[in-house]
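**Student:** Protein chains in written order, with the working numbering: chain L, 1 to 477; chain E, 1 to 413.
Calculated directly from the structure, the hints in this document are not laboratory data. Quantities reported herein were computed from a predicted structural model and do not represent experimental measurements. Treat the hints with caution; some may be incorrect.
Footprint (simulated), chain E over chain L, 3 or more residues, beta carbon under 8 Å [said to hold, decoys possible]: (1) 47–56; (2) 163–177; (3) 333–343; (4) 450–457.
Lysine to aspartate or glutamate pairs mimicking EDC-like chemistry, simulated, CA-CA at most 16 Å apart [said to hold, decoys possible]: (5) L:K441 with E:D379; (6) E:K406 with L:D105; (7) E:K73 with E:E385; (8) E:K406 with L:D323; (9) L:K303 with L:E248; (10) L:K114 with L:E80; (11) E:K256 with E:E232; (12) E:K220 with E:E199; (13) L:K114 with L:E443; (14) L:K59 with L:E248; (15) L:K441 with E:D300; (16) E:K204 with E:E232.
Just a few of them, taken from the derived set where beta-carbon distance is under 8 Å, the chain E residues facing chain L [claimed, not checked]: (17) W74; (18) A91; (19) D318; (20) S381; (21) A383; (22) P411.
Glycine residues also receive a C-beta, built at the ideal position from the N, C-alpha and C atoms.
The primary structure of each chain is shown beneath.
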Amino acid sequence: MNRSVWLAGLLAACASGRAQAPATPAPAPAPSPASATSAPVPSPDTLSVDRPQYPSTYKRRANPPVLIRNATVLTAAGQELSNASVLFRDGKVVAVGASVQAPSDAQVVDGTGKFVTPGIIDTHSHLGVYAAPGTAAESDGNEATNPVTAEVWAEHSIWPQDPQIPLAIAGGVTVMQVLPGSANLIGGRSATVRLVPARTVQEMKFPGAPYGVKMACGENPKRVYQNRGPSTRMGNMAGYRAAFIQAEQYRARWDKWLKDKKGDPPGRDLRMETLAGVLRGEISVQNHCYRADEMAQMLDLAKEFGFKIRSFHHGIEAYKVADLLAANQTAASVWSDWGGFKMEAFDEILENAALVTNAGARAVIHTDSPDGIQRMNQDMAKAYYAGVRAGITLTRDQAIRWITANPAWVLGIEQLTGTLEAGKQADVVLWSGDPFSVYSKAEKVWNEGWLVFDRLDPKHQYKTDFNIGQTAPGVGR
Amino acid sequence: MTTKGQFLLAGFALLGTASLQAQTIAITGGTVYPVSGPKLTNATVLMSDGKIVAVGTNVSIPAGAIRVDATGKWVTPGLIHANASAGLGVAGLNGQGEGGVQGEVNPSFNPAEGIDPAAFTIPIARTGGITTALLPPSGQFFPGQVPVVNYAGDRIEEMLVRRNAALVLDLSSSGKQAGGGSRGGTMARVRRLFNDALEYARRKPDFQRAAIQPLSAPAKELEALLPVLRGEEVLAVAANRRIDIENALRLTREYKLRTVLFSAVEGWQIAREIATAGVPVILEPLHDIPSFDGLGARLDNATLLREGGVRVIIAQGDPGGERNLRYAAGNAVRNGMSWDDALEAITAAPAAAFGLADYGTLQPGKVANLVVWSGDPFDFSSAAERVYIKGSLLSLETRETELRDKYRRVPLP
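The following block holds chain E by itself, in its conformation from the complex (with noise of 0.2 Å):
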């Protein structure tokens, strides 16, 4: 028993030192998007502890650097996920999941000690080149806050990129229940809710000697509101039909927030008005298909609200996984938008939309998450080959190709 113990104890100290440690690293020769600038070819990208140190065609290369030959190859940042479930839970089953708690005014609740650093489904993302995740949480009206994680690390601290990106606030026609019925009542209910937040905020003494009208949540529960109340922290609102999306920035500018809104099926239809509200939409771009909370759904939404000014950020949400992000870019391409905006969309936007300052782009300074593709990333032809999480090297073996390893010849011998 304490021998095993201490085999499990020297082990883990293993996997925690070789996640931390990274070395001195040049990517040479590959076609480099940095995406915070044009395409470079036959270009290095050198990474050292864990960050970008040089991006160019010119790069002195310190001697004792490991050198990866990528001839050939496509170099971008590593993709972030604005709409994961990857790690919330071990597996992706009904029932496994860590994603919401019961209740519809849940601001104070944030998934990230769900999280499990271990779940298949972790390594499955990361073979479509995602390191880095925003994990939102489910449930009804205000269901929680968004945490951001890398996709490598023993344990949720290792992993965690910021604790509260975002609060989640639903006006879509799932979120009609919390307003009574109606959106009109929704609406209501979320003004009184910040201006419970607000005024609980004045009067903190008068809320601790009880003598205030009754406020219409927990104090926990408004004291959570208030980061989005003082514009400190991003306010993430699912919203599908035109009229949802109005009501999003009719709080907007009430409230001077700091929105992003999720879906916005018909946001084309309204993609000058959210441009000049400055509010980054995350958008599926495969969504077309018309419901009573989007009859206007388009294939040409991302490129629509695109040429409108708007900042997009792309999100993938079918069977297949998160680690169809990649095809979900190159979906929103083969439907009218640029190339190179849908790389942003996937890497600097939700970078800059969530205020992570040091994701997104290969410039020095960054942190090292960088993919290795065999070519084009949005085509089916190509793969991700070597996956850099904060400078070190991931697997990419997963679950799925040990299946898959096992099961090449059958019958089995």
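So that you can see chain L by itself, here it is in the shape it has in the complex (with noise of 0.2 Å):
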């Protein structure tokens, strides 16, 4: 990015790749004396593969009911109600409609003049990984050290008290994916995490979404193992494709073990596990990716292996080939005006989104970006009003559909929240005015009915760790 010195250095480049130098190892730590915890020990003849992998520990918190009243809701999933009623309870939806009746229990809020939304999700975020404030020493995103690092995996880097995490959360996000960086050909697994203040990022992974894995296309491998390799689009593709060839061998040695349990296990390969849930469809494929013809090589590469790239990201180029996405089934994740900061992301337009759309493939408005997340709202507005005035035919529903329905499927759970439907999780965000405007603030944001801000309540304003003793930050002004 060309930017001038007047700015230099105030912006965290994820989307440009750069790849952080691995910092010196730490040495391992002195192995402690026998643990004071009385941790259940496993069995000895289970095996670590079969124990549980650093589950989810978040739990819902236990909220009254709560009812918005008088609001225009955009439920994401088809309507747009003027002067209408969201009630949940118990984390849930229980009701979107005219007239819904508020139980003796519920918290009233009077939505006259304001809007509602499904919580914003973000299928490409590196909080946490490149948490605030931007030292070497939280730059935890790129394991730069091997084309291929499928073994490694975001969670393990995410700082919970990154404090771009509550920025996020005042713009109304309520879930993000959070994804190693673009250094790699296969950088490893992503985590999927609910905005919520917690001490671990245990407490924040969203139980039961499925990992994806991040693969990265183009410039940035190359660029970062030019000496190495891969140097080359071609070195790009020839790394994937060998790697996946190990995996199908790896897969196919613990299908066999696990039918017939005989003899030893097959030697426990960590980049090869993730791999191998990637052949096996329970780990979903989140691609970076700009330009149209390399869309087209991953998704021959997707076919050759036998899986399913669910979203390109930074998708630049996807209006080329919406008609493939299409037909592939797989998303594209798109910013609403970033370009030109490098050739590969040269041929950006506008209507990028509109088009994807209109060709009957799911676009994704995303971010890569501690700044874009929190107004992802504009990012979406931004992208409907550009299709608009290019006569591309758009809903409204399908421009709010970008930033939540269509990020939840990217992130396999769409059956869980994404919209504002009876039954989905409360998940919901509560506008100052309509969310397609440049004036509009997210003012209340409930997580699974948690209500997480209020831009009114600084009783309701979560403050991280880094932010204690610090001058105020921005969030709730």
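Build the complex: two chains, separate frames, hints provided.
**Tutor:** If you want it as structure tokens, here you go:
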């Protein structure tokens, strides 16, 4: 990015995929004395692979029922209802509509002149892995030590005290996918987390959300590994193929052993375990890929190895192959107007999301940015009006889906959240005005029924530990 | 070969005349925001020969003037972006920039000859209603001079409004290396350069006879500091931490400088001091992520500075490009600034801060840079429909709109 000195260093450049130099490895900690805690000792004949793998400890908070009354409700499920109500209790949406009765114990919120949407979902974030204040010490997003690091898990880098998290909450974001960076061909597992106050990442992990794996096309891997390879796009392709050929063999060995349970189990290989999960359809592929021709290559790669690409990310040229995306059921996570900052981002157009939608494919507005994640409604609005101005047929409901229902699908949690429909989890945002306007702000944010942000009440304005004792940040103003 | 050459020459000449030849145009019926005064409904803006001739609700339109019906539209001055880059190089790509040269002490460097009038980024900036741009140099410490251009013209000379509108000094964390790794060192180095420049100016004959102690920079660099030290040119100081801003104010007092602060993330903490010093602030209103170059970042910095009496200039720096300047202003309003102040912050305020007396408002005698918007320029539902620079209507077609139209239907026929 050609930024002037006046602004030098103010922007975390994840989009540009700037590989952070790997920090010097810390010395291994000294073995601790016999643990004082009394964790259950697993039976010696179970395998580590069969034991819990960093399970979610997230627990929904008990909260009184909430009725938002007389608001304009954008359901992201086909409707925009005026003078409507939304009732949620026990973390679930109970009713959405014109005449909803408030239970006697409900907190009633007057929504007059206000708007309600589902909680916003970002398919592409590095919060926690590239935390503020942006020191090398907290640069934990790219394990740029090998072109294939499918063995690393983003959740093992996420710092729950990243002060960018409350800023995103104040923007109405309730769920995000945190990904490793794009230095590697296969960068590692993603984590889908709820944006809630937490001490550990386990307390944020979205229960039941499948893992994703980050893959990256194009310029970044071939630049980062130009001396050891891959150094070309054909080298990139050969790298993915070699990894999946190995994974096929690994999967076959394990499948055979699991069927017969004869002899010793095959050795456990974390890198292969993730890729075998992709081949089994258990782990979704989240593919950083800008150019149309590369998306076509990746779709063919997926066919060669029998998996699906759930979403391309930063799909600057998705509009050029929107028909292929529709045919392959692959979403395109895109920006509204970022582009031009590198060669593969050259052909950005404002109508990308609109044209992808119009072709029958799933468009998603994503951020890859701690700034953008605070205003995803604005990116949606920019992309919506650009489409409308260009004469592309588009509804407001389709646009609101770009930041709610469609990202929920990309993360495989569309049965649970992403729309305001009875039975869905109560991830709800009350906006001061139309979320399609620059002037509107998220006023209240409920995360599975928990009021995690209230612009009018400092008691509900979360601050991370990093914020404590520092100058007051902008949240809540 | 000859034929082709002649054709090209002829085409060039035509383009040249087209941009110079500005007719008499009356924009009628719109809601006009002159910035110099309150908004006027159902008003007319009359321009001729590239200048604004009249603005009001009772303007007589000469026979033969081109009439443009702006009923239902909003009319504002052309926006001035104080932190632009479009045009410095042909594209916005890494490696294609022209903004900076190596080294730390380059006050004499001016990137103007690196401006490419054919850069496709320029029409894209115009779609955001930006007609005038300050193009700060990139680099360390004293990276150079800031030229000001209009985003129209075939040659740099046509584009240039002012060659040396400001000199840049970086006192933020990124300028620390120039001081050997400490802000104290940076300040000492600034003072030494300033003092040497003054000494050099006083004792030029001694300098020429080499009867002077060695100076801390070559003569041409010291020369380039003098307009700032004489108060003839603005010193634009990048500073974010409160202590950096206070250091900038110290220098301003010590050397009687015309300072403009840039970025000033923690400026809100000392708004009154900045206002008292008469120092305007250029800032990005969306900057709220804490870093050790500004732990006090907050979204209402612009609002609090304005409330403290500071002249605020809004810039924008997100990867969506400078066309988003208007949304940066809209976000300042979202976070508490008044709408009128936000419009001033991207028109009259930068013009005043950098001494661009002919720009920034819709008043008779000013350069006819104006934009007709479909509605509120700060909101996403509106767009720039007509952009005039020096009285000429500019195209809003871009590389992006051409790509869009090519791929409206896929697969391609």
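**Student:** Checking each numbered hint in turn, tell me which of them this model violates, lowest number first.
**Tutor:** 1, 4, 6, 14, 16, 17
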